[in-house]
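A.B. asks: Protein sequences, first through last, are from chains A and B.
Per the numbering used here, the first sequence starts with residue 4, numbered consecutively.
Per the numbering used here, the second sequence starts with residue 4, numbered consecutively.
Some hints could be false.
If several chains are the same, the list does not tell them apart, and a pair holds so long as it fits within one copy or across any two.
[Unchecked claim] Within a straight-line C-alpha distance of at most 30 Å, the following computed DSBU-like cross-link-like pairs (lysine-lysine) qualify:
1) K89 - K55
2) K245 - K134
3) K244 - K148
4) K7 - K55
Hints were generated in silico from the structure; no laboratory data involved.
2 protein chains.
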Amino acid sequence: MTSKTTYKHTVQLSEIDFSLRATIISMIGYILDIAGVDADSKGFGIKKLGSKNHSWVISRMALEFYRLPYQYEQIQISTWVNDYGKLLTVRNFTIADEKNDLIFAAVTQWAMIDISTRQPLDLRYVEEYNKYLCAEPSPVENPRKITAINPQKTVIHNVVYSDIDFNRHVNSLRYLSLMVDMLPIELLTTANPTHVEVNFLRESQYGDILTVGCEQSETKSLFEIKNSSNIAICRASIEWKK
Amino acid sequence: MTSKTTYKHTVQLSEIDFSLRATIISMIGYILDIAGVDADSKGFGIKKLGSKNHSWVISRMALEFYRLPYQYEQIQISTWVNDYGKLLTVRNFTIADEKNDLIFAAVTQWAMIDISTRQPLDLRYVEEYNKYLCAEPSPVENPRKITAINPQKTVIHNVVYSDIDFNRHVNSLRYLSLMVDMLPIELLTTANPTHVEVNFLRESQYGDILTVGCEQSETKSLFEIKNSSNIAICRASIEWKK
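Isolated chain A, as found in the complex (with noise of 0.2 Å):
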């Protein structure tokens, strides 16, 4: 057993957007940036596992926000991972503000994949892995299954260098930004997100033709990503207050 870890970070101006708030996406990529941080300094994050062949894959993550933090100011990110079985493990994530105050606050359901075949591998025979589950309850609820949408928006994303990560896959977060693009600016820069759900449900190529559809609602926003398969590559939908 062990207890949460802690890692400070100051909001960057690239982190920003004109609203001088840190973006939806930054805010994810410092839980995935922090997730890959604390899982190889506690020997089992990619540096360790890349030598097997191994590697983790997110599969689904449920987010609060409670607000964007503004540029330069400090946040601290706090993670800890409180159960795993033999395919998904659970991490855990909050960030509070310099007055302790609580601002987002998230769980995440990781898979670890064989690099080459892309065949989940059985967590319950992962090294020493037992001796890092922290006894904390998770504070958000588990992410739920996002169903179909009836998109009444389409754009068409050519998958391109860029996108693709050392995975050999695009990026997650990259699939968060082709959805949120389609929002008008005015939503974005203006209302504050409230709850984000994300599905991660297949893997997509350097190469590959995706469909991103969006369907608009007053409050809601919800999404899906589909390959020239027709197949459903990621689901999320995103929460607003205005």
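Could you slot chain B onto chain A? The hints should help.
C.D. replies: Frame of chain A; chain B shown alone:
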């Protein structure tokens, strides 16, 4: 007068491609980020300029790549300003690895603008700027003017939310990412960039429709991004060693 300032950085997973080396875009991102951090630490960064409604914009850059660092490498980014005139200031960079071997060098030219009028300001009257000059010469020859190209290939890009930065225009790095994405992925992940030059000519805004052109020869890639009025926004060249 002052001396060079050095910042440490570890190459992160989100900064590499599947060749496990930092991307060209990440390398340029390092120096743009450090330019901001260093200017802020000396009192002439966006942190201070923002309150006066002024901002820095980059005009040209010339970059020498000796090698791309690998994931988890610790690098040292040094920067110094060695000249300024009425319109442009010269900021230099070197990046060294853990053995203190030089892996990258750059010279960049910046203008200061009034955010409302988008017009350049006279740098000679920037308070206290003179005391932060460092007499060290630039490590690379000044960037030259890049002329129009004859593209063999073009792609259209609609400017979206994630392209725009806190300055309300397309982020400098985004132009370069659009250019690099036109190149064969084999070139990007197996060849070594040697010399890169960029001319940032005009701003573009949310909703603009850009045409990205590429002219590729054996060892050199030339790029030009034009807006829908056929006016050049950004030009660049990348030389390669295979």
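A.B. asks: Could you run down the list of hints and mark each one as holding or not?
C.D. replies: Each hint, compared with the structure:
1. In the homo-oligomer, the alpha carbons of K89 and K55 lie at most 30 Å apart inside one protomer (19 Å), although the nearest pairing across protomers, at 57 Å, exceeds that limit.
2. Taking identical chains as interchangeable, the C-alpha atoms of K245 and K134 are never at most 30 Å apart, the minima being 43 Å within one chain and 47 Å between chains.
3. For the identical chains of this complex, K244 and K148 are intra-copy neighbours only, at 23 Å inside a copy versus 48 Å across copies, given an alpha-carbon limit of 30 Å.
4. For the homomeric pair K7 and K55, the shortest alpha-carbon distance inside one copy (27 Å) is at most 30 Å, but the shortest distance between copies (41 Å) is not.
When the structure is compared with the earlier hints, a violation turns up for hint 2 alone.
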